[in-house]
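Novice: Sequence:
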Amino acid sequence: MTSIKKFQVTFDCAEPERVARFWCEVLGYVAPSPPEGFATWADYNDSLPPEQRDAWFACADPSGVGPRLYFQRVPEGKIAKNRLHLDVRVATGLVGEERLAVIEAECARLVALGAVRGKLLLADGVNESCLLMQDVEGNEFCLD
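When the sequence shown is numbered by numbering that gives the first Met the number 0, its final residue is 143 and no position is left out of the sequence of numbers.
Quick caveat, the hints were computed from the structure, so don't treat them as lab data. Where a beta carbon is used, it is the ideal one built from N, C-alpha and C, also for glycine. Misleading hints may appear alongside valid ones.
As the list claims (entries may be wrong) - As a list, the in silico DSS-like pairs of lysine-lysine whose alpha-carbon atoms are at most 30 angstroms apart:
1) Lys77 / Lys118
2) Lys80 / Lys5
3) Lys5 / Lys77
4) Lys80 / Lys4
5) Lys80 / Lys118
Said to hold, decoys possible - Restraint-style ranges between C-beta atoms, simulated for each label pair:
6) Ala104 / Asp60: 34 to 44 angstroms
7) Ala38 / Leu131: 35 to 45 angstroms
8) Arg82 / Ala38: 37 to 47 angstroms
9) Ala122 / Glu50: 45 to 55 angstroms
10) Ala38 / Glu97: 37 to 47 angstroms
11) Ala100 / Val73: 29 to 39 angstroms
12) Val101 / Glu35: 34 to 44 angstroms
13) Val125 / Gln51: 44 to 54 angstroms
14) Glu35 / Thr91: 30 to 40 angstroms
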């Protein structure tokens, strides 16, 4: 049996490039270069039939370690809570007030990019504190 080593995380969304660029800022990921023969992504999109324009976008970890993120346009909006979400690990190894300060600082940065702050879950003796958030299209994620 073969073990899978690489995977991609796919987001359904209304505006793939907007959501992808948000996640590039969150994770330090980079957008790929436009396809060969095109100076910009806008040039590439302009070459497509209208129904295919802005249908997808992707970004990747520049170190090649993290998974590629792929964003695809879908016609329906988000209706319910995500069944899967990303935990953005900004305070790994930190506890107490130091952990909360790092989480709050990252929250402020992401809110300025269009994220929405959710509920702060304080440490309970089993789990450390984390902060529930939403990206620019309402997809849930946690800062922990």
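Novice: With respect to the beta-carbon atoms only, verify the hint that Ala122 and Glu50 lie 45 to 55 angstroms apart.
Specialist: holds (49 angstroms)
Novice: That 34 to 44 angstroms hint for Ala104 and Asp60 (C-beta), does it hold up?
Specialist: violated (22 angstroms)
Novice: Lying within 35 to 45 angstroms: is that true of the beta-carbon distance Ala38 to Leu131?
Specialist: holds (40 angstroms)
Novice: How does the Cβ-Cβ distance of Arg82 and Ala38 compare with 37 to 47 angstroms: does it lie in that range?
Specialist: Once the Cβ atoms are compared, 39 angstroms apart, the range 37 to 47 angstroms for Ala38 and Arg82 holds.
Novice: Within a Cα-Cα threshold of 30 angstroms, do Lys5 and Lys77 meet the stated pairing?
Specialist: The given pair, whose Cα atoms are some 27 angstroms apart, holds under the 30 angstroms limit.
Novice: Check whether the Cα positions of Lys80 and Lys4 lie no farther apart than 30 angstroms.
Specialist: holds (28 angstroms)
Novice: Does the alpha-carbon distance linking Lys80 and Lys5 stay inside the 30 angstroms limit?
Specialist: holds (26 angstroms)
Novice: Does 44 to 54 angstroms hold as the CB distance between Val125 and Gln51, or does it fail?
Specialist: holds (48 angstroms)
Novice: Measure nothing beyond the straight line between the CA atoms of Lys80 and Lys118; if it is 30 angstroms or shorter, mark the hint as holding.
Specialist: holds (14 angstroms)
Novice: Looking only at beta-carbon atoms, does the pair Val101, Glu35 fall within the given range of 34 to 44 angstroms?
Specialist: holds (41 angstroms)
Novice: Within 30 to 40 angstroms or not, the Cβ separation of Glu35 and Thr91?
Specialist: With Cβ atoms ~39 angstroms apart, the hint holds.
Novice: Is the hinted pair Lys77 and Lys118 satisfied, with a Cα-Cα distance of at most 30 angstroms?
Specialist: Holds. Lys77 to Lys118 sits at ~19 angstroms (cutoff 30 angstroms).
When held up to the earlier numbered hints, the structure conflicts with hint 6 and nothing else.
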